[in-house]
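Visitor: The listed protein sequences derive, respectively, from chains C and G. Heads up: the first sequence at position 105 corresponds to 105 in full-length UniProt numbering, and the numbers run straight through without jumps. Heads up: the second sequence at position 112 corresponds to 112 in full-length UniProt numbering, and the numbers run straight through without jumps.
Since the hints were derived computationally from the structure, they do not count as laboratory data. Treat the hints with caution; some may be incorrect.
Any copy, or any two copies together, can satisfy a pair, since identical chains are not distinguished.
What the hints assert, rightly or not - Listed below are the simulated BS3-like cross-link pairs for lysine-lysine, each with C-alpha atoms no more than 30 Å apart in a straight line:
#, residue 1, residue 2
1, Lys238, Lys111
2, Lys101, Lys128
3, Lys77, Lys238
4, Lys133, Lys187
5, Lys158, Lys77
6, Lys288, Lys158
7, Lys43, Lys77
8, Lys157, Lys230
9, Lys83, Lys111
10, Lys133, Lys282
11, Lys96, Lys83
Protein chains: 2
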Amino acid sequence: MQKKLGNKKFVSEDVEIFKVGKTKIIVKIDTFVEGTDMPSKMKISDAVRKSIVACVSDFAAKGVRPQYGIISLNLPKTISRSKINEISNGFNHASKEFKFKILGGDTNEGKEMVFTVSLFGTTDNIVKRRGAKIGDIIFATGPFGYTASGLEILLRKKKGKKTFVKKAISSVFRPNPRLDFGVSNKKYFTSTMDSSDGLSTTLNEMASQSNCKFIINNVPDRYEILEFAKSNKIEPNKLVFHGGEEYEFVFTASKKYKAIIEKNATSLKTPIIEIGYVTKGKGVFVQKGGKFSSLKDFGWHHFRK
Amino acid sequence: MQKKLGNKKFVSEDVEIFKVGKTKIIVKIDTFVEGTDMPSKMKISDAVRKSIVACVSDFAAKGVRPQYGIISLNLPKTISRSKINEISNGFNHASKEFKFKILGGDTNEGKEMVFTVSLFGTTDNIVKRRGAKIGDIIFATGPFGYTASGLEILLRKKKGKKTFVKKAISSVFRPNPRLDFGVSNKKYFTSTMDSSDGLSTTLNEMASQSNCKFIINNVPDRYEILEFAKSNKIEPNKLVFHGGEEYEFVFTASKKYKAIIEKNATSLKTPIIEIGYVTKGKGVFVQKGGKFSSLKDFGWHHFRK
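If we strip away everything but chain C, and leave its shape as in the complex, we get:
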């Protein structure tokens, strides 16, 4: 779909770019749909915030700070005044949290709530999805699997330990994009991609665009995720690699910047994890002991042809 809407030589990126003089204008549009993206227990203010986070996360991955935003809302005819206020306040709070200015927008009537957010920023250069070099190390900005677990709990009534359930649900309702870390460290990155379509999709896309092989030798899971998977008879890879909606990002960098990147991450409290390395070849493989298993792209694709 996206390919047909774009240009002939279309290389998929996290954000769209156009130039004004020497300045690159970075643009991203993202839509949050009530019936699709909003579990029944989610607060409207968190839904509004998440519609912003989805866009901010792409800017974070590219190391660009969003400066302006425009918003289009669809609201059902019967929506209450108090819900409209909650939406309006939600956008004001989110624009303060992520330090951009809402320029305006429009409201429309629709069958369900739809929040479409478009953010803008400027930069001299962005880090692309292609660009990973042989010998680079691969990082993810956080552990994976909490969001998919949270969705299993919210949508399929799966059970887990109280503290885990809280953490998993919070990762669905109030995800935290890594904007400050992305902006201040992009100079060290050779390639990056927002991982909200699923970690397996992200890794495969980056490896493919970079024309390299990605080896994952440290899966960014956590003991409590494996435990939740086991007790609910879910394949743990499904939660960690194929869930999506984690507003983290994956990046590659030369080994020589490992120490400085890790130091910066600590000072910004961004829990980065070294998950593997880039080598010659193609595809993505998970290394466990001496065995390599191919990791296919099973992430989240809307109507992709």
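Please arrange chain G on chain C, whose structure you already have, making use of the hints.
Guide: Here is chain G on its own, set in the frame of chain C:
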């Protein structure tokens, strides 16, 4: 709603603006919702085109050419491949018709089709809604009332003469924004506004922002519209002033440019109509013989507070 999403000193405009160096980036977002904006007989390709026209029309009013666009689609899970192709081809055709480049976008699942279009252009200056001067003449880029009549025919099964019905329906399905005229004549305009929220809304907003009184002494109706109104027992003012969805615009200009503007309009085949003049005072009045009746704003407001 929009006021609360915007800034403290919010003056409503057709487009949003931010600056990069000395260049103004013009941005507009507009959403077309299947259940709200798409009469059952409308072709998908025309719906797609109209979602673009709604944005282009605001650019036309401000005299700026859109150069880039991004698109967000909500599509129902069950949509057919052939409809997806029609949507995709529709966007490609519309981007060619209005000469801008689609940078990308995203697709989402939703209960109904929703097309959200955001267009971008650059300019050194735009014509504002405020700016009309006492003594200026007021123009509209086309006759009004066809679209409202078309909607009466499509949605409320009203009847009319065959040629009129065709013209009225065509104005709903394939509206023509006045982009070339707006871009090439903006240097003569003192104020402009897209009229798609209804002519009464447009005139009241321009008069109020410009701190002047607008006198309408030549209502931009047509004999066939009055005839349709009469035979269907509809108040003609409702069709002409309060309908909306006409992707025309209203502009004011000094008398000294009347001749050159009319000459340019003829050469671009844009049917401009001189509808009145700007004077001291406030409000909008329709002058008929020696009588002045106040024209209130009864146009189309979505959830405006």
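Visitor: Each hint: holds or not?
Guide: We went through each hint and held it up to the structure:
In this homomeric assembly, Lys238 and Lys111 come within 30 Å of each other (Cα to Cα) only across copies, at 27 Å, whereas the closest approach inside a single copy is 32 Å. For a Cα distance limit of 30 Å, the shortest separation of Lys101 from Lys128 qualifies both inside one copy, at 26 Å, and across copies, at 21 Å. When the C-alpha separation of Lys77 and Lys238 is checked against a cutoff of 30 Å, the pair qualifies only between copies, where the shortest distance is 22 Å, while the shortest distance within a copy is 39 Å. In this homomeric assembly, Lys133 and Lys187 come within 30 Å of each other (Cα to Cα) only inside a single copy, at 15 Å, whereas the closest approach across copies is 52 Å.
In this assembly of identical chains, Lys158 and Lys77 lie within 30 Å of each other by CA distance solely across copies; the values are 25 Å between and 34 Å within a copy. Taking identical chains as interchangeable, the C-alpha atoms of Lys288 and Lys158 lie at most 30 Å apart only when both belong to the same chain, with a minimum of 28 Å there against 72 Å between chains. With identical chains, the CA atoms of Lys43 and Lys77 are at most 30 Å apart both within one copy (19 Å) and between copies (25 Å). For a Cα distance limit of 30 Å, the shortest separation of Lys157 from Lys230 inside one copy, 15 Å, qualifies, whereas the shortest one across copies, 61 Å, does not.
Taking identical chains as interchangeable, the C-alpha atoms of Lys83 and Lys111 lie at most 30 Å apart whether they share a chain (15 Å) or sit on different chains (20 Å). Taking the shortest alpha-carbon separations for Lys133 and Lys282, only the intra-copy value of 12 Å comes in at or below 30 Å, while the best inter-copy value is 67 Å. For the homomeric pair Lys96 and Lys83, the shortest alpha-carbon distance inside one copy (20 Å) is at most 30 Å, but the shortest distance between copies (40 Å) is not.
Consistency with the previously given hints is maintained throughout, with no hint failing.
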